[in-house]
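The task is simple: from the sequences and hints, build the whole structure.
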Amino acid sequence: MVEHHLGHRQRLRERLNASPRSLADYELLELLLTYVLPRRDTKPLAKDILARFGSLDRALMADPAALRDIPGLGDAVVTFWTALRECLVRKSAAPLARRETFSSPEQVRELVRARLGGLTKEEFWVILTDTQNRLLCFERVSRGTVDQTPAYPREILELALRHHASGVILVHNHPGGSPNPSRQDRELTDTLSRLSSELGLRLLDHLIVAGDDFVSFRASGLL
Numbered sequence: 001m002v003e004h005h006l007g008h009r010q011r012l013r014e015r016l017n018a019s020p021r022s023l024a025d026y027e028l029l030e031l032l033l034t035y036v037l038p039r040r041d042t043k044p045l046a047k048d049i050l051a052r053f054g055s056l057d058r059a060l061m062a063d064p065a066a067l068r069d070i071p072g073l074g075d076a077v078v079t080f081w082t083a084l085r086e087c088l089v090r091k092s093a094a095p096l097a098r099r100e101t102f103s104s105p106e107q108v109r110e111l112v113r114a115r116l117g118g119l120t121k122e123e124f125w126v127i128l129t130d131t132q133n134r135l136l137c138f139e140r141v142s143r144g145t146v147d148q149t150p151a152y153p154r155e156i157l158e159l160a161l162r163h164h165a166s167g168v169i170l171v172h173n174h175p176g177g178s179p180n181p182s183r184q185d186r187e188l189t190d191t192l193s194r195l196s197s198e199l200g201l202r203l204l205d206h207l208i209v210a211g212d213d214f215v216s217f218r219a220s221g222l223l
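According to the UniProt record's numbering, the sequence shown is numbered sequentially starting from 1.
There could be a bad hint or two in this list.
[As the list claims (entries may be wrong)] No farther apart than 25 Å at their CA atoms in a straight line, the calculated lysine to any residue pairs in the SDA-like style are these:
# : residue 1 : residue 2
1 : Lys91     : Thr34
2 : Lys43     : Ser22
3 : Lys91     : Ala210
[Unchecked claim] Restraint-style ranges between C-beta atoms, simulated for each label pair:
# : residue 1 : residue 2 : range
4 : Pro105    : Gly54     : 22 to 28 Å
5 : Leu195    : Gly221    : 16 to 22 Å
6 : Lys91     : Leu161    : 28 to 34 Å
7 : Asp75     : Ser182    : 31 to 37 Å
8 : Ser220    : Thr79     : 35 to 41 Å
9 : Ala24     : Leu195    : 48 to 54 Å
None of these hints come from the bench; they were simulated from the model. What you are looking at is a predicted structure, and each value in this text was computed from that prediction instead of being measured. Think of the CB as a built atom: it goes at the ideal place given N, C-alpha and C, for glycine as much as any other residue.
Below, the structure written as structure tokens:
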């Protein structure tokens, strides 16, 4: 590495320590990447990442595997990004992990967006709560392709009964598309609503996330 890059990195570190907010988004990414690519000029890579995902927020929450589409980023960066993303997701989920009560739909949406918002394949998750709306479980029940994932009512209900849950929130993503529910989404929700009631469970909502966009079946009058 030439001395210019060494000097530039040192200046970035000094600026970060003196005033973190003074750094542009690409400069923060550039500095992060230096810890996993110490011999590379990471400025172009940081700019490529932002161009690919559109914003720092979306880049940080992106599916790490999508980084492989950017020339120059390999296994080391994917592993680093996976760890970084998981830290951010766990930070969002920390209050719920302490079994604090869900106080608003926005709190649930933030947890869901952090976990599913940047994924490139469709996944189906279930949130289970107790009688006081405290988190019991947030678990993936299936993973599919870019545009579909199987979800089986029996598996979801067995999971709820195993955790002695009272409330059930269905969650899945539409990668790169619209969060509007499909016919299959509506049919699954209707089926689970009926079966949940028969078992003494409450189907609280079905959330569909597509990037930063959400649809709530409850808020939309579909449940």
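Report task. Please flag the earlier hints that this structure goes against, numbers listed from lowest up. Result -> none
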